[in-house]
Structures are given as C-alpha cells and as structure tokens.
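The chain contents come next:
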Amino acid sequence: MNQLKLSRIVLNLSFMVYSVICLIPLLLVLSVSLTDEQSIFQSGYRLIPQTFSFDAYKYILFGNSPILRAYGVTIIVTVAGTLFHLVISSMFAYSLSRNEVKYRNIVSFLVVFCLLFSGGLVPWYILLSKYLHMKDTIFVLIVPYLVSSVNVVIMRNFFKTIPESIIESARIDGSGEFNTFLKLVIPLSTPVLATIGLFVAVFYWNDWFTAALFIENSELYTLQFLLQSIMNNIAFLQGNPLTLRAAAMQPDETARMATCVLAVGPIMITYPFLQKYFVKGLTLGSVKT
Amino acid sequence: MKSKTKRSSTRRPLPFFSEIFRNKTLYAMMFPGLLFVLVIYYLPMFGVVIAFQQYNPFKGVLKSPWIGFKNFEFLFKSDAFFQITFNTIFYNLIFIILGIGLALIFAILIDEIGNRFLAGAYKSILLLPYLLSWVVAEYLLFSFLSVDRGIINHALQYFGIEAVSWYSEPAYWRFILPAAYVWKNVGYFAVIFAAGISSISTEFYEAAKIDGASKFQQAVKITIPMLVPITIILVLLQTGKIFYAAFGDWGMFYTLTKDSGVLFSTTNVIDTYVYRALKTMGDFGMSSAVGLYQSCVGFVLVLASNYLIRRYDRDSALF
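Chains as they are written, first to last, in the numbering used here: chain A, 1 to 289; chain B, 1 to 319.
One chain only, chain A, in its complex shape (with noise of 0.2 Å):
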C-alpha cells in the first residue's frame, strides 16, 4: 500500500515539473515584457523582473505602432475565417453524411485523397495569386483555408451518428432539408462544431505562413507576420519614420517580448474556459474517425 502511496507522488511530482517547462517560457517572456529596459541590458532577461515597468506596453499601445493594426487584420481574419469555414464545412459534411445522396461515396474519396497528395507549394501559390488574384488581399488569408479534409471527415462521421428517425419525422412534419439541417442538426452538432470552430480560430490566429507568402502591402501584416518580421529585423520598429524621434528612449527587447506577450493573450485568457471544449473535442475526433 504504501508502495502505491508512494509511486503516486512521484508520479504526480513528475508531472509537475513538465507542466512547469511548460508553463516557464511563457513566464519568461511575460516577465521580460514587464521589465525595465535598461536593466536588461545589465543583466539579460530574468524569470522574475528585476525592475517592473510597463513602457513596452505603453511603447505598444499608444506609440504609433504597427501593432495595433495587425490586431485588427487578425481579429478580422480570425472571426471571418472560422465562420465560414464552419459554415461551408458543415453543409458539406452533412451532404456527404445523407444517405439519399448517390454520389457521396465518390466525392467523399476525393475528400479524402486530398490528404495523400497534393500538388506542392509551388502551383498553389500560383493558382491563389495569378489565376485567382488574391495577392496582397484579405482574402488571400481566409480563403485557402475554408475546407479541411480532416474536418470534413470528423464532421461527416458525427453527423452521421444523428438517428434517421430524427430527420425523418422532421421531414414529415413538412420541413425542408436545409431547415432541417439549420433547426435540427446544427443544435444537436454543437459540441463538434465549437471543438472544430475553436481549432481552426486557433489556426487562422496562429497562421504565419500565408502572410508570408502573400502579404507585402504592410496594412495587410498579420499579428503573427508581423511578430516573425520584428525578430528577424530588429530594426524595424526603429525604421519605422513614426517612431523613430522616440528611438532614443525606445524599449526595444522588452518591446519585442510585450508583442508576443499581446499575440498570445488572448488565448491565454481563453484557454481556461475553453480547455475543456478542447480536450472534448480531440477525444470526438481520435475516438470517432
């Protein structure tokens, strides 16, 4: 018995310390975003700040800063992105669920045979900016992205879990197939459709590579673009011509940190109400596929 008692600690203590390299970059980088510019270049970033201060947040905020603006392209492409992905997905998934739909089969198949092969980067790229000319646009950050075969799948598979006799009387009772599916099967989808809406919020927040690709018109920067530009040119927010008559007093470190610290925010705030969602939703999609 004891034995037991005592692997469960170590167990447990394990656990913590992993949790904790999990939770210590994060921590780092908040505590470095939160301290005094000068003294870091004394004595390189600290896991507590030496001296708090909050003029990287001040510097962010109200300097001019190209940040702002990345925020609200993400905000825009986030929201948008996972609405219609979520809508457009859901109508198809629920088509190819039917069974009154004869060629579900086959159209499911090409659904599925986009996960074995694909065309590479390179006819991609040339499709979305010479045949479909997204370049340089909004667009170009929320279209490619609309339908994912993995999602369709998950989806298809838990609509197809909804009893028949369901729509069936529905039917009956004189509804027509796209009511049903709006009154009927979405309540009934919830749980599917916040996991896999929450997971592609999280994508289209986190996606740098598209604004990387697409993006030069400096309007356009998405928060997590402009983050991986501010690391590779340090010098960007002292080139900036607004900026530059404060780049004596400018924090700079601490400035890049508080930018990270902002893009994650807001997961970070969230996460916490919606882990639970979260750890629904991966057990629906392994357990279900």
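Any given hint could be a false lead.
Calculated lysine to aspartate or glutamate pairs in the EDC-like style (CA-CA distance at most 20 Å, straight line) [stated by the list, open to error]:
| hint | chain 1 | residue 1 | chain 2 | residue 2 |
| --- | --- | --- | --- | --- |
| 1 | A | K276 | B | D111 |
| 2 | A | K280 | B | D111 |
| 3 | B | K24 | A | E177 |
| 4 | A | K102 | B | E19 |
| 5 | A | K58 | A | E253 |
| 6 | A | K102 | A | E177 |
| 7 | A | K5 | A | D36 |
| 8 | B | K258 | A | E168 |
| 9 | B | K279 | A | E216 |
| 10 | A | K5 | B | E112 |
| 11 | B | K258 | A | D252 |
| 12 | B | K279 | A | D136 |
| 13 | A | K130 | B | D283 |
| 14 | B | K258 | B | E112 |
| 15 | A | K5 | B | D111 |
| 16 | B | K24 | A | D252 |
| 17 | B | K59 | B | D79 |
| 18 | A | K135 | B | D283 |
| 19 | A | K102 | A | E37 |
| 20 | B | K279 | B | D259 |
| 21 | A | K58 | A | D252 |
Simulated restraints on C-beta separations [claimed, not checked]:
| hint | chain 1 | residue 1 | chain 2 | residue 2 | range |
| --- | --- | --- | --- | --- | --- |
| 22 | A | R171 | B | G282 | 48 to 58 Å |
| 23 | B | F17 | A | E164 | 25 to 35 Å |
| 24 | A | T161 | B | D79 | 33 to 43 Å |
| 25 | A | S175 | B | E19 | 17 to 27 Å |
| 26 | B | D79 | A | I162 | 24 to 34 Å |
| 27 | A | T161 | B | S168 | 49 to 59 Å |
| 28 | B | F90 | A | K280 | 33 to 43 Å |
| 29 | A | N99 | B | F17 | 12 to 22 Å |
| 30 | B | F58 | A | F273 | 44 to 54 Å |
| 31 | B | S168 | A | Q42 | 23 to 33 Å |
If you are wondering where the hints come from, they were derived from the structure by calculation, not from laboratory data. For every residue, glycine included, the Cβ atom is placed at its ideal position computed from N, Cα and C.
We have chain A already, so just place chain B on it with the hints.
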C-alpha cells in the same frame, strides 16, 4: 406513380441529372465545399507540370516552354539535395517516434493518477503549447538561447561555464528541434491517447487484476494493444504531413532557426528549401520540381508505413 409513367413516356432522363434534381437541396449544400476542394486542392495537382517547364509568370502554365528534366537535373546535382532529403526523413522519423511514443507513455501515466482534478489540469497544461504558433515558440526559445541575454547562458555563466552561441553551431539543433517539437505537440497526442484509454472497457483491467497482472503488465498487455488503431492513424497522418507545405510543422524549421544560413546543414528540409527557392529566388520551375520530389518522398513514406502496418495488422492499414 405518376412520375414513373411520365419518365418512361418521355425520353429517359440522364440518371445524373435526375439524381441531382431529386436531392437538389443537399447537392446545393455540397456545392460550395466541393467547388472549394476541386479548385484549391485539385487544380494545383495539374500544376505539377510546371516542374517540367521553364515557368514564366507572364506566359502562365499553359504557354511556358517545356524543358524536360532540366529542373530535376539541377536539383539532383546541387549540394543541398542530399542534405534536405536526409534532414526531412531524419527529423520526421524522430518526431513521429519521440512525439507519439512519449505521448503514449504520458497518457498511460496520466490515467494512473487517481485524482481526476489533477489529471485534468495536467492534460490542459500539456495541451497549452500546442495552441501557440511557431513564431511565438521562436520568441520563447530565443529568451532561453539568446547568446548574451538568454537564461541558459546566464545559468552556465553562474556556474562558471563559458557561454554557448546556440545560433551558430548546427550540431545543437539536432537536439533543439526535436525537443521543441515534443514540447509543442506531445500534449496534443497525449490527450488523444487519453481519450482512447478512457474508451477501453474496465472489465479487461478487472479481469487482469484478478489474474494478478501488475500495472506495467496491464499497460503492455491491454492498454497499448487497444491503442494500436489510434496510433496507426496518428502515424499515417503525421507521415502524410511531411509533404503538406501549408499544414505541416515545417514552420518550426524556418522560424526557430531564424532562417539562419549557418545552421542549414542540420536544419534545412525540403519545405524550407522550396519556400526559400520560391520567395527569395523566385525560381518557380525549380521549386516546383522540388515540390514534386517532396510529394513523391511523402507518398513513398505513406505507402511504406502503410505496408509495415499491414504486415503487422491487416485491418488497421489505410488501404
């Protein structure tokens, strides 16, 4: 009845159109998604012909001149060819084995924690890094590895060891990249496995306990075999991602290393190579050839892992 007689009296309508007409609402709902799949996923597949062209953006795919295998010749002769092939396969193998293996162990251990609240908390914390972007991960990593301010070098100096310049020594990245991958993804896989474990009937464990099986024996003889189907799906999906530029985890190779040329010998993979060829050189034909080569490598790897799986367990294989 009426419609049936009508159909036979007039010319028999094509079955395709009558099927579409009968379920027109459902097909209408399918249409936007299907259109998307055909345009965004399937049209680019025809674009692989660019690999055999001297692609000219002004002439387009249809009118650019053909040059046969010249693009491939250039690729196969270049020094980077072996490097990117080796690195791609090396890292992906390590990622799959380490990531999925550790996640399996974590999931089994989390299940052993009696306290439900604590187990839930560990799961949530483990999953957290998965939600951060690689760009953010780059910032986090930098705060540890920065040469003059990083916390690791500070610790080293505190103990009187000389500071290490992490961003200029390729060898370190063979360890840093897998560690970063595991840090970010292990929670995701672990939660999936934990879900699988919770769906295993408790009767198996009770029977095993009566027969006197230890915890370890239970894990090896019951839990792991029951998780084989999920493991296989994960392995195949991860293998498939190797040739998925936009959706794979290749962003880490680019961002974490800050695209640093000094580190290429251990950090250059096919994806970063294609991206660079496209973005900085603008050489469409060549980068398309690399992309096609990548698709083939990925396809072979999926087929190979599927073959291995089929030898082990016929039913779990994809095809």
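Hints the structure violates: just list their numbers, smallest first.
Hints 7, 8, 14, 16, 17, 19, 24 and 26 contradicted; others consistent.
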